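Trainee: Chains A and B are the protein sequences, given in the same order. Those letters in the first sequence? Residues 1 to 124, per the numbering used here, in order. Those letters in the second sequence? Residues 1 to 253, per the numbering used here, in order.
Incorrect hints may have been included.
[To be verified] Computed list of lysine-lysine pairs in DSS-like fashion (alpha-carbon distance at most 30 Å, straight line): (1) B:Lys119 x B:Lys68; (2) B:Lys202 x B:Lys235; (3) B:Lys235 x A:Lys99; (4) A:Lys99 x B:Lys202; (5) A:Lys117 x A:Lys99; (6) B:Lys119 x B:Lys138; (7) B:Lys68 x A:Lys117; (8) B:Lys202 x B:Lys119; (9) A:Lys99 x A:Lys33.
[Unchecked claim] Pairwise CB distance ranges, derived in the manner of DEER restraints: (10) B:Asp60 x A:Cys18: 58 to 66 Å; (11) A:Leu30 x B:Glu39: 51 to 59 Å; (12) B:Glu250 x A:Asn104: 19 to 27 Å; (13) A:Thr63 x B:Val230: 42 to 50 Å.
Don't read these hints as lab results, they were simulated from the structure. In this text, all values refer to a predicted model and were calculated from it rather than measured experimentally. From the three backbone atoms N, C-alpha and C, an ideal C-beta is built for every residue, glycine too.
Residues per chain, in single letters:
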Amino acid sequence: MIAAAGVTPLAVAIAGACASVLLVLVVLELIRKRRLRERYALLWLATGVVLLVLSLWRSGLNTIAGWLGVKGYPPAVLFAVATLFILLVLLDYSTVISKLADQNTILAQRLALLEEKLGQRHGG
Amino acid sequence: MAEALQQAPGGLDPRLAALRRMALVPAYNEEGSIGAVIEEIRAVDPEIEIVVVDDGSRDDTAGAAAAKGARVLRLPFNVGIGGAVQTGYRYAHERGFDLALRVDGDGQHDPAWFGVLAKPVLAGHADIAVGSRFIGRKGYRSSRSRRQAIRVLAWTVTLLVGGRVTDPTSGFQVTNRRAIALFAAYYPHDYPEVEATVLAAKAGLRRAEVPVEMRERSAGRSSIGAVRSVYYMVKVMLAIFVAVFRRPPEVPA
Chain A
1 MIAAAGVTPL AVAIAGACAS VLLVLVVLEL IRKRRLRERY ALLWLATGVV
51 LLVLSLWRSG LNTIAGWLGV KGYPPAVLFA VATLFILLVL LDYSTVISKL
101 ADQNTILAQR LALLEEKLGQ RHGG
Chain B
1 MAEALQQAPG GLDPRLAALR RMALVPAYNE EGSIGAVIEE IRAVDPEIEI
51 VVVDDGSRDD TAGAAAAKGA RVLRLPFNVG IGGAVQTGYR YAHERGFDLA
101 LRVDGDGQHD PAWFGVLAKP VLAGHADIAV GSRFIGRKGY RSSRSRRQAI
151 RVLAWTVTLL VGGRVTDPTS GFQVTNRRAI ALFAAYYPHD YPEVEATVLA
201 AKAGLRRAEV PVEMRERSAG RSSIGAVRSV YYMVKVMLAI FVAVFRRPPE
251 VPA
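Working from the sequences, and respecting the hints, build out all of it.
Mentor: Right, here's the structure in full:
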């Protein structure tokens with residue numbers, strides 16, 4: 001355990017890299033099929049790329065862990081970074097939903113006003 | 001009530017009668033009371049245009065309102081009281097009304113107060129006149145816990161925007177063209193009155209409170225249940241604190 005302290009195990013690095021590559025590929029495929037707009041894909045791609053770099057660049061991950069005072073298990077930084085990006089994506093989605101809700105309300109209001117006008121014109 | 005009755009039929013202020021005026025009635029599942037509300041408004045002011053905004057009701061609120069000759073704006077789904085009220089203000093703004101009287105569709109607001117409520121606006125002292133339950137102590141003033149909550153909100157709003165605000169949650173309001181234009185462009189969503197008070201003050205609109213008596217709602221249930229009131233307080237508090245840090249809205253021409 002003490003010998004392993006401060007080093008990212010190779011298996012963790014490989015697993016992290018595979019997961020990151022898979023994420024990037026899935027996102028790219030969704031864009032290709034037009035099921036995901038580029039605007040929403042960017043944060044996911046950034047997440048995948050950052051996680052991929054941190055997974056493969058083991059000495060870098062160890063260094064960053066050192067800066068952050070993470071002793072014993074550097075891959076914890078991977079989890080922290082992944083969590084941070086997920087929070088960013090969720091926050092971004094909240095703003096998107098808020099905007100959609102606002103636009104939805106405006107559409108409903110316009111519809112109500114137009115329908116009333118139409119009803120008047122047709123002798124309602 | 002005696003004061004209100006003196007304003008009733010025939011007693012409409014000639015200055016008021018000269019204006020293009022509209023009654024804005026937001027309603028959500030108020031089939032049982034909307035007809036009576038419309039009749040009451042008409043009894044006070046036979047020539048006012050009555051516009052009912054049906055906020056996606058599941059009952060036949062729209063049909064009941066149309067049967068009484070009201071103009072009905074029918075939202076395709078429930079957008080919440082703020083969005084419904086704003087629909088009415090958009091209508092008022094588009095059609096160039098001089099003055100809007102907002103009366104809730106549940107029968108809480110007695111339109112007989114129209115003349116009294118419109119006075120500060122007619123006199124040019126205010127852009128928005130709000131009927132307050134808490135100046136003088138008459139009529140239905142809501143449950144004890146709700147009164148406490150309203151008092152906290154009143155203090156907060158008074159602190160934030162100045163002036164004397166006793167009933168920041170009251171939707172019983174008369175608005176002039178400037179206020180109609182502002183609210184057509186900007187109006188808060190869920191529980192809008194408190195936030196709208198801050199918004200209007202930041203836009204430089206003048207607000208006056210007029211003592212009125214309110215009644216218990218005649219049908220339906222309040223939109224704010226016991227559990228929701230906590231959410232209400234937190235949401236409204238957040239909204240008004242954030243509103244203070246917003247750029248003041250410009251009143252559209």
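Trainee: Hint by hint, say whether it matches the structure.
Mentor: Hints, verified against the model:
1. B:Lys119 x B:Lys68: It holds: about 28 Å lies between the C-alpha atoms, which stays within 30 Å.
2. B:Lys202 x B:Lys235: Distance ~19 Å between Lys202 of chain B and Lys235 of chain B Cα, so the pair holds.
3. B:Lys235 x A:Lys99: holds (18 Å)
4. A:Lys99 x B:Lys202: holds (23 Å)
5. A:Lys117 x A:Lys99: holds (27 Å)
6. B:Lys119 x B:Lys138: holds (20 Å)
7. B:Lys68 x A:Lys117: holds (18 Å)
8. B:Lys202 x B:Lys119: holds (23 Å)
9. A:Lys99 x A:Lys33: Between Lys99 of chain A and Lys33 of chain A the Cα gap is close to 25 Å, so the pair holds against 30 Å.
10. B:Asp60 x A:Cys18: 58 to 66 Å: For Asp60 of chain B and Cys18 of chain A the Cβ distance comes to about 59 Å; the hint holds.
11. A:Leu30 x B:Glu39: 51 to 59 Å: Given a distance of about 57 Å, which is inside 51 to 59 Å, the answer is holds.
12. B:Glu250 x A:Asn104: 19 to 27 Å: At 25 Å between Cβs, range holds.
13. A:Thr63 x B:Val230: 42 to 50 Å: Since the Cβ atoms of Thr63 of chain A and Val230 of chain B sit about 47 Å apart, the hinted range of 42 to 50 Å holds.
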